[in-house]
Amino acid sequence: MSFFDIIQILDSTIRLATPLLLACLAGLFSERSGIVDIGLEGKMLVAAFFSAAVAALTGDVWLGMLAGIAASMVFALIHGVASITFRGDQLISGVAINFLAAGMTVLIAQDWFQQGSRTPALTGEARFDTLDLPFAEALSGVPFLGPLYADALSGHTILVYVGFLAVPATWWVLFRTRFGLRLRAVGENPGAVDTAGVSVNRLRYAAVLIAGLLCGLAGAYLATGLAAGFTKDMTAGRGFIALAALIFAKWRPWYALFACLLFGFLQALSNRYSTLDLGLIEIPNAFVLALPYILTVVILAGFVGRATPPRAGGEPYIKER
Amino acid sequence: MSDPAIELRGISKSFGPVHANKDIDLRVMPGTIHGIIGENGAGKSTLMSILYGFYKADRGEIHVRGNKVDIPDSQAAIRAGIGMVFQHFKLVQNFTVLENIVLGAEEGALLKTSLGRARKLLKQLSDEYELHVDPDARIENLGVGMQQRVEILKALYRQADILILDEPTGVLTPSEADHLFRILEGLKREGKTIILITHKLREIMEVTDTVSVMRRGEMTATVKTAETDPEELAELMVGRKVLLQVDKAPAKTGETVLEVRNLQVVDESGVERVRKISLEVKRGEILGIAGVAGNGQSELLEVLGGMREGTGEVLLNGAPLPLAGAGSDARTRRRVGVGHVPEDRQTEGLIMNFYAWENVGFGYHDDPRYNRGPLMNNHALREDAEAKIAKFDVRPANCWHTARNFSGGNQQKIVIARELEREPDLLLVGQPTRGVDIGAIEFIHEQIVALRDQGKAILLVSVELDEIMSLSDRIAVMFDGRIMGERLPADTNERELGLLMAGITDTEHEHSHDEIEQNLAQSSGKAG
Numbered sequence: 001m002s003f004f005d006i007i008q009i010l011d012s013t014i015r016l017a018t019p020l021l022l023a024c025l026a027g028l029f030s031e032r033s034g035i036v037d038i039g040l041e042g043k044m045l046v047a048a049f050f051s052a053a054v055a056a057l058t059g060d061v062w063l064g065m066l067a068g069i070a071a072s073m074v075f076a077l078i079h080g081v082a083s084i085t086f087r088g089d090q091l092i093s094g095v096a097i098n099f100l101a102a103g104m105t106v107l108i109a110q111d112w113f114q115q116g117s118r119t120p121a122l123t124g125e126a127r128f129d130t131l132d133l134p135f136a137e138a139l140s141g142v143p144f145l146g147p148l149y150a151d152a153l154s155g156h157t158i159l160v161y162v163g164f165l166a167v168p169a170t171w172w173v174l175f176r177t178r179f180g181l182r183l184r185a186v187g188e189n190p191g192a193v194d195t196a197g198v199s200v201n202r203l204r205y206a207a208v209l210i211a212g213l214l215c216g217l218a219g220a221y222l223a224t225g226l227a228a229g230f231t232k233d234m235t236a237g238r239g240f241i242a243l244a245a246l247i248f249a250k251w252r253p254w255y256a257l258f259a260c261l262l263f264g265f266l267q268a269l270s271n272r273y274s275t276l277d278l279g280l281i282e283i284p285n286a287f288v289l290a291l292p293y294i295l296t297v298v299i300l301a302g303f304v305g306r307a308t309p310p311r312a313g314g315e316p317y318i319k320e321r
Numbered sequence: 001m002s003d004p005a006i007e008l009r010g011i012s013k014s015f016g017p018v019h020a021n022k023d024i025d026l027r028v029m030p031g032t033i034h035g036i037i038g039e040n041g042a043g044k045s046t047l048m049s050i051l052y053g054f055y056k057a058d059r060g061e062i063h064v065r066g067n068k069v070d071i072p073d074s075q076a077a078i079r080a081g082i083g084m085v086f087q088h089f090k091l092v093q094n095f096t097v098l099e100n101i102v103l104g105a106e107e108g109a110l111l112k113t114s115l116g117r118a119r120k121l122l123k124q125l126s127d128e129y130e131l132h133v134d135p136d137a138r139i140e141n142l143g144v145g146m147q148q149r150v151e152i153l154k155a156l157y158r159q160a161d162i163l164i165l166d167e168p169t170g171v172l173t174p175s176e177a178d179h180l181f182r183i184l185e186g187l188k189r190e191g192k193t194i195i196l197i198t199h200k201l202r203e204i205m206e207v208t209d210t211v212s213v214m215r216r217g218e219m220t221a222t223v224k225t226a227e228t229d230p231e232e233l234a235e236l237m238v239g240r241k242v243l244l245q246v247d248k249a250p251a252k253t254g255e256t257v258l259e260v261r262n263l264q265v266v267d268e269s270g271v272e273r274v275r276k277i278s279l280e281v282k283r284g285e286i287l288g289i290a291g292v293a294g295n296g297q298s299e300l301l302e303v304l305g306g307m308r309e310g311t312g313e314v315l316l317n318g319a320p321l322p323l324a325g326a327g328s329d330a331r332t333r334r335r336v337g338v339g340h341v342p343e344d345r346q347t348e349g350l351i352m353n354f355y356a357w358e359n360v361g362f363g364y365h366d367d368p369r370y371n372r373g374p375l376m377n378n379h380a381l382r383e384d385a386e387a388k389i390a391k392f393d394v395r396p397a398n399c400w401h402t403a404r405n406f407s408g409g410n411q412q413k414i415v416i417a418r419e420l421e422r423e424p425d426l427l428l429v430g431q432p433t434r435g436v437d438i439g440a441i442e443f444i445h446e447q448i449v450a451l452r453d454q455g456k457a458i459l460l461v462s463v464e465l466d467e468i469m470s471l472s473d474r475i476a477v478m479f480d481g482r483i484m485g486e487r488l489p490a491d492t493n494e495r496e497l498g499l500l501m502a503g504i505t506d507t508e509h510e511h512s513h514d515e516i517e518q519n520l521a522q523s524s525g526k527a528g
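One line per chain: the protein sequences are Y and R, in this order. In case it helps, the UniProt record's numbering puts the first sequence at residues 1 to 321. In case it helps, the UniProt record's numbering puts the second sequence at residues 1 to 528.
In short, the hints are calculated from the structure, not lab data. Among the hints, erroneous ones may be present.
Distance ranges between label pairs, derived from CB positions [claimed, not checked]:
#: 1; chain 1: R; residue 1: Asp366; chain 2: Y; residue 2: Asp89; range: 47 to 57 Å
#: 2; chain 1: Y; residue 1: Leu145; chain 2: R; residue 2: Thr347; range: 53 to 63 Å
#: 3; chain 1: Y; residue 1: Ser199; chain 2: R; residue 2: Lys22; range: 29 to 39 Å
#: 4; chain 1: R; residue 1: Val271; chain 2: Y; residue 2: Asp277; range: 45 to 55 Å
#: 5; chain 1: R; residue 1: Gly108; chain 2: Y; residue 2: Ile283; range: 51 to 61 Å
All C-beta atoms in this analysis are idealised placements derived from N, C-alpha and C, irrespective of residue type, glycine included.
Based on the sequences and whatever the hints tell you, model everything.
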């Protein structure tokens, strides 16, 4: 493996980690408020479709992104109504959203574009352009760090940078603001929030909608940044890997960054090599792809410290004396 | 005369067909401690929840300091100067004391300024009312007494001058309860009004100025505490004369039934819950285990009941009982004559969505009487259940009700009926009267004593010291997984037992409350 290979793998790690990271932070907001969200996958998928479809129809990727976010937030709202207002089972609601998204995107895609459940390939203004970080050109000559900066870190679309900046932003909101304090409290003990005179439902809706926004960005990036258009089931389980990353990260923003980079790296690795030759043994890439799940099980089993989920997670809040 | 701090006029509230509160009138004078007493389900908590904006009354008016107010939510209650300390604390376990106090009453969108100001104000409040607590401690590392202080501070921080405490002493040791009462007296001196909800007559007599009695959703009487006595209050609560003392003859003990030697229990997270304890229970005696919840009593019961594994030696009628692996399960325990009334009837004693008759058969469903070949003989089981329900006066006497639809006392009677009617050699009983009303308590106590008088051995675990004192023939006190000492009920008193429960064996000398609390906080910190 040459230095060039490594730079390339790191470059694609960053690209592949971005949708995971955005979805993971979406899950973080939702679950920190006590609403379990296994519908990340479905929300990403509708966002991917609507952003690609609107971008294809209007030729404007920004309109596409807004449409993707809107679609994802509508789905988030459905999850919210089902699990907050009607106190339904959050897992069932999440599963329903995933199914609804998988079926609906394919159906509408076929109806609108008649290209076998896909959108036309996006080009030009209908796709996110890459951004060069400042001085990327100038620094590319510096040995080792230069290529790392110019080729791996620079040259991604704006959503990649948004995703990475969302990490400190999430941390700040969660741990430095009143909203964050209440959000964390409502996921731990909604009764405490309620008796303090703060609306549990309003907080949870806010969290769920933020999750919708972030999933919207993740989906838009998938279809208009990472790929050039929507294809059937293009999220390919990323919503679930993001959930795994969330557990791996113990519901903390900075840990989420590292978890998503690690899982992105594993994806990048398996994309590049069909088998991984470690000299003595060869590891098939299916195993590399399964590693995020395996690692998550290891974490859940408590081998690497305890991962304590928010205490009130998954339970609808019912006022009681 | 000044306006009452709180005046309720004609408050009514129904939940479906149940009248939780019927036309309640109540006047609470400022600067007093006003007790509200009543059995479980009498409507005390509903009434207070209405006052705190948790429920909306169907009818009636609330006046605070002479002004009619509308309390649609907790926010409105807080604005009206009402603070509430719930029975189950409303604290975020992994937040600090300061964060919990600030939650919902922050001064701006950023935490830094709010927390800074709260820290100063908290210092003032703690000094003023002697409510000392470390603002940076995490709630999960604090003992229950401390957590309760945080709840009181929360209310004071929100400038409450009317403080409602719902069953505040349920989780406290006697010395902690005394300290709480001193705090309440202090608050009263500062002009605060306090409403104390409890079902414990002793507390009412000790601290209140006035007491109101509730029964079946109605306010039956309001009297000056100085002009009443416990017997009269109990009668007002229940509607008939009740025996407050258990009537029992001295124990006639026989040979040893249960012998425990060096029993050790380590829980899932590796914490040693029971630390090599030894004890024995003889025929015809009740051994009471006293202690603050979480000091290993539950684990002791669970191991003996076959619900948990342990190490050491346990003999039943001289034969060893396996503590782990094959034959250590609850089913085998039952077969060799161990009855078990678990501490939590709702999760361990009953299946709440099953019928009463199904619940009466649980644990004994392989009894040949209930079986016909490979099928259950439900008819026989139902007949048996009906007989038991009649004998134990379970109300309503309908075996087609689900367990959920019985009151706490009647649920407990179902469990007791199931276990006692098997005439076990050894009966394990955990918290037999938790959440059970006075009338049913009397009945359940009589049944337990009757079993003792048949020559059975009984191991009773209870956090209610009164219950331990009146039922037990011998008392062992557990603290932090150890037995701190054994006493005879006649030779001890609440004070001594209270000190043992706090881990202090040197009971001859005076001990400061700080010392006691420190001890308790350490043990519960470890346990948490």
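Q.
Please check whether Leu145(Y) and Thr347(R) have a Cβ separation lying inside 53 to 63 Å.
A. The hinted range 53 to 63 Å holds for Leu145(Y) and Thr347(R), with Cβ atoms some 59 Å apart.
Q | Outcome for the supplied range 45 to 55 Å, where the beta carbon pair is Val271(R) and Asp277(Y) | A | holds (46 Å)
Q) Is 47 to 57 Å a correct range for the gap between the Cβ atoms of Asp366(R) and Asp89(Y)? A) At roughly 34 Å between Cβ atoms, Asp89(Y) and Asp366(R) fall outside 47 to 57 Å, so the hint is violated.
Q.
Verify the CB-CB distance for Gly108(R) and Ile283(Y) against the hinted window 51 to 61 Å.
A. Since Gly108(R) and Ile283(Y) have Cβ atoms about 53 Å apart, the given range 51 to 61 Å holds.
Q. So does Ser199(Y) sit 29 to 39 Å from Lys22(R), Cβ to Cβ?
A. holds (31 Å)
Checked against the numbered hints above, the structure breaks only hint 1 and satisfies the rest.
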